[in-house]
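Undergrad: So the protein lines, in turn, are chains U and R. Under the working numbering, the first residue of the first sequence carries the number 1, and numbering increases by one thereafter. Under the working numbering, the first residue of the second sequence carries the number 365, and numbering increases by one thereafter.
Hints in this document: simulated from the structure, not taken from any laboratory. Being a predicted model, the structure only gives us computed values, none of them experimental. By construction, the Cβ of each residue, glycine as well, lies at the ideal position given by its N, Cα and C atoms. Among the clues, some could well be false.
Some residues of chain R that are not near chain U, with every Cβ distance over 12 Å (derived) [to be verified]:
| id | residue |
| --- | --- |
| 1 | 431 |
| 2 | 439 |
| 3 | 443 |
| 4 | 467 |
Listed next, the in silico EDC-like pairs over lysine to aspartate or glutamate satisfying Cα-Cα at most 16 Å (straight line) [said to hold, decoys possible]:
| id | chain 1 | residue 1 | chain 2 | residue 2 |
| --- | --- | --- | --- | --- |
| 5 | U | 51 | R | 456 |
| 6 | R | 732 | R | 457 |
| 7 | R | 599 | R | 555 |
| 8 | U | 51 | R | 476 |
| 9 | U | 51 | R | 430 |
| 10 | U | 327 | U | 310 |
| 11 | R | 432 | R | 691 |
| 12 | U | 180 | R | 479 |
| 13 | U | 51 | R | 457 |
| 14 | R | 580 | R | 569 |
| 15 | U | 51 | R | 453 |
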Amino acid sequence: MSQNRWLATGNFYTTYREEQRTFSTHLDRTIFTLFLVLLFAWPMFFDLGNKYMFVVDNILIAIVAVMGLNLVTGFAGLISIGHAAFVGIGAYTVASVCRTMGTSHELVTHFWPLLIVLSGLMGAIFGGLVGLPAFRLKHLYLAIATLSFQMIFQWVINFMTFFNQGQTISIGRVYWITGKVGRGDHYEFWYYAILVIVILLGFGIRNLLKTKYGRALVAVRDNDRAADAMGMHPGLTKVYAFALAGFFAGVAGALHAYVFRGVGFESFTLHESVSYLAMAIVGGLGTLNGSFWGPVAIRMLDLQVEHLSEAAASYLPQGTNLATASKPLTFGLVIVLFLMFEPRGIANWWRITKSYTKLWPFRY
Amino acid sequence: MKETRMVRGLMVLVLLVFAVSAHAGEVYKLGFSGAITGPTSDAGNPLSKGIEDWFKYVNDTKMLGDDKIECTIRDDQYKTDVTKRNFEEYLDEGIVFYLNYSTGSTLGLKMDFEEEMMPTVPSSYHEGNLVNSNYIFIPVATYSENMVALAEYVTKNHKGGTPKVALFIHPSAFGRGPVDDTKKAVAAGLDMDIVEVVEHGKDLDNSAMLKRLMSKGVQYVICHTVQSPVATMLKDAMRLNVNAKSFGEEGKLTFLGAHYTGGADLIALAGDAAEGFLWTCSYNLTTEDNEKSKKQLELAKKYGRDDKAANSHNYAAGILQAQIPTEAILRAKKAGLEVNPENLTKMLNDMANGFDSFATVGPVTYSKDDHVGVDVVNIYKADGGVFKAINSIESEYMKKLRAGM
Chain U
1 MSQNRWLATG NFYTTYREEQ RTFSTHLDRT IFTLFLVLLF AWPMFFDLGN
51 KYMFVVDNIL IAIVAVMGLN LVTGFAGLIS IGHAAFVGIG AYTVASVCRT
101 MGTSHELVTH FWPLLIVLSG LMGAIFGGLV GLPAFRLKHL YLAIATLSFQ
151 MIFQWVINFM TFFNQGQTIS IGRVYWITGK VGRGDHYEFW YYAILVIVIL
201 LGFGIRNLLK TKYGRALVAV RDNDRAADAM GMHPGLTKVY AFALAGFFAG
251 VAGALHAYVF RGVGFESFTL HESVSYLAMA IVGGLGTLNG SFWGPVAIRM
301 LDLQVEHLSE AAASYLPQGT NLATASKPLT FGLVIVLFLM FEPRGIANWW
351 RITKSYTKLW PFRY
Chain R
365 MKETRMVRGL MVLVLLVFAV SAHAGEVYKL GFSGAITGPT SDAGNPLSKG
415 IEDWFKYVND TKMLGDDKIE CTIRDDQYKT DVTKRNFEEY LDEGIVFYLN
465 YSTGSTLGLK MDFEEEMMPT VPSSYHEGNL VNSNYIFIPV ATYSENMVAL
515 AEYVTKNHKG GTPKVALFIH PSAFGRGPVD DTKKAVAAGL DMDIVEVVEH
565 GKDLDNSAML KRLMSKGVQY VICHTVQSPV ATMLKDAMRL NVNAKSFGEE
615 GKLTFLGAHY TGGADLIALA GDAAEGFLWT CSYNLTTEDN EKSKKQLELA
665 KKYGRDDKAA NSHNYAAGIL QAQIPTEAIL RAKKAGLEVN PENLTKMLND
715 MANGFDSFAT VGPVTYSKDD HVGVDVVNIY KADGGVFKAI NSIESEYMKK
765 LRAGM
């Protein structure tokens, strides 16, 4: 460890404990704390309006989901093409409670934190079940197993009358210590609630990766036979990775249900699964901060392309459908460009920026 | 002296400003969110043009005097989350009336409409929109009314026993909704045998399905979906020579369809195979060559629309969707009421003496218990490459079913 606790000029660790610190210097900790304060304080000074607060909430929900996907695909190296279905499991857990007990039942409106955790657990159970083929399957074959789950999920929701055949199931408004959260405060309230969840889960992952359970994920990804030889159980580790990812997705699903105040089938399709995967790739697979960058980049890109195609639709002839094609075209192009030129994602840009500021004002 | 002149000049200026602003009139904000691009934009695009043109016309012709309607039109690409975002934006802007598009988003936002007490006219004619809703006003006959009306037409015109019918539907809530109502009508006494309900996929060939229906003795296929799967089926039926040349021809299949199955788009897709197809729609078609269609074409010409949009029944649907809030605003102004969501809802609920629209085949009426605008549907038949009206019908069984609800 560097003598100066505020500025590190290199990585000089003398114990494993030092290496496992969440923040390597006091400066890192201070900057992070200030950043958190900023995240909590800015809504008090800037009024984004409900429209853009809704966008911000959506980004935070996607961050929760992508953190889970990054665990299974980024850290454990298991491709999941059914992540939206796991998010759907969480959302439909809340919806099922509403269907059976009513949208205004206290479990939904007052004990919503409990229901969010319960949705996460349901996601974990289904994640574990879908992960079972990992005992025998690897690589693309396992990816197909997750795709099958996505298809089964879509068919079940689309045809079962209990799930309203995919039509929206309404969710009641929640209560906080100040009373019922009305429309005026709805998106801001959920911004704070989701932000707390993101921070808790973020620290959870950060700490998990320092433990033997977290290291096992990476070891199995890098070489499962070597991991086996080191005493780890590759099959169980993979199942547990799927269960963890399912938990995160389930929580994201419950948050989605509450923010949208309804659960409909179209938010959990294969297209959404591919979107989550794209967010993880663009953000940076196998990095925690990549889980933040990816959703921000893809959701903001979506928004901008939406505005562009809307403007283009007024000028372009309807028959050409160019405006319709612009969104998938841009989406695909971004993925291809990242895979070609920056496969390590935006997280790598962050790493380079951090290295630069660490050395500054010296060249090396 | 110079100062006094300046003060007088300023006073005149201030008076002028006040005078101008007093004549400026009110601006009523409205919002529309629909699929201008993306899935179903073949319907949503001309529909949004109809809305845009009608409000331009209202302002240009000073239909509301000095008052103006400012309707923001946003594309939601058929995605409910984008629709919700647009709706939130409109609420922040202080809209007095909202126009929505898809079935999914109308059902998804129904609770919001209730909470905000926002009168809403959707482009979706799903019967379920009306369940537990006080603020949704459907412009024309619902999908269920269309389908049951077709079933009634079949039973009235079929000769020789109980007609055997197959329902060919879209695999979604939009497709399934009217099936339940048709089954309820049969249970309530409509003399029809529903042999099979086919939820189509993305099949490129329907030969096997058509042969199966033939082997089951099916005589009529009533469709409730969009044009492309119907076109595929009609082309296959023509190839297999199983399509009826006249209504109810023995040993052949007579094809009929509700609202989104027909129109110029079906003929463009199916060509000759569409001949004889029977289609229900509450909109007046420009191929009818009457005073109503002339007005629609004039409006489209005035605002520079191409022939495809001008002749689309979806363009007419957009016009009607915009005419409904316009009429509510006119009536509120006439009654000396403030133009706000509450009073506009009241105006619609009191619209038993409705208004005539050049876009539709019947008058638009609403009441507190009836939130469906036009109850009549025209039955059109594809003949010589165009749809021609052959009958007008109002579903008796749907009235009975609603009364029993």
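Undergrad: Does each hint fit the structure? Answer for all of them.
TA: Hint-by-hint comparison with the structure:
Non-interface call for residue 431 (chain R) relative to chain U: holds, since the shortest CB-CB distance, roughly 26 Å, exceeds 12 Å. Chain U draws residue 439 (chain R) into its interface by the beta-carbon criterion, the shortest separation being 4 Å against a cut-off of 12 Å. For residue 443 (chain R), the condition that its CB be more than 12 Å from all CB atoms of chain U is violated, with the nearest at approximately 7 Å. Taking the minimum C-beta to C-beta distance to chain U, about 8 Å, the non-interface status of residue 467 (chain R) is violated against the 12 Å cut.
For the given pair, residue 51 (chain U) sits about 8 Å from residue 456 (chain R) by alpha-carbon distance, which is consistent with the 16 Å threshold. Between the alpha carbons of residue 732 (chain R) and residue 457 (chain R) the distance comes to roughly 28 Å, so the proposed pair goes past 16 Å and is violated. Taking the CA atoms of residue 599 (chain R) and residue 555 (chain R), the gap is near 29 Å; set against the 16 Å cutoff, the hint is violated. About 14 Å separates the Cα atoms of residue 51 (chain U) and residue 476 (chain R), which keeps this hinted pair within 16 Å; it holds.
Restraint check for residue 51 (chain U) and residue 430 (chain R): not satisfied, since their Cα atoms lie roughly 31 Å apart, outside the 16 Å limit. Of the pairs offered as hints, the one joining residue 327 (chain U) and residue 310 (chain U) holds, with about 10 Å between alpha carbons and a cut-off of 16 Å not exceeded. Restraint check for residue 432 (chain R) and residue 691 (chain R): the C-alpha separation of about 13 Å stays at or below 16 Å, so the hint holds. For the given pair, residue 180 (chain U) sits about 13 Å from residue 479 (chain R) by alpha-carbon distance, which is consistent with the 16 Å threshold.
With a CA separation close to 11 Å, the supplied pair residue 51 (chain U) and residue 457 (chain R) stays within the 16 Å bound. This hinted pair does not check out: residue 580 (chain R) and residue 569 (chain R) have alpha carbons roughly 19 Å apart, beyond 16 Å. For the suggested pair residue 51 (chain U) and residue 453 (chain R), the alpha carbons sit about 5 Å apart, so the restraint of at most 16 Å is met.
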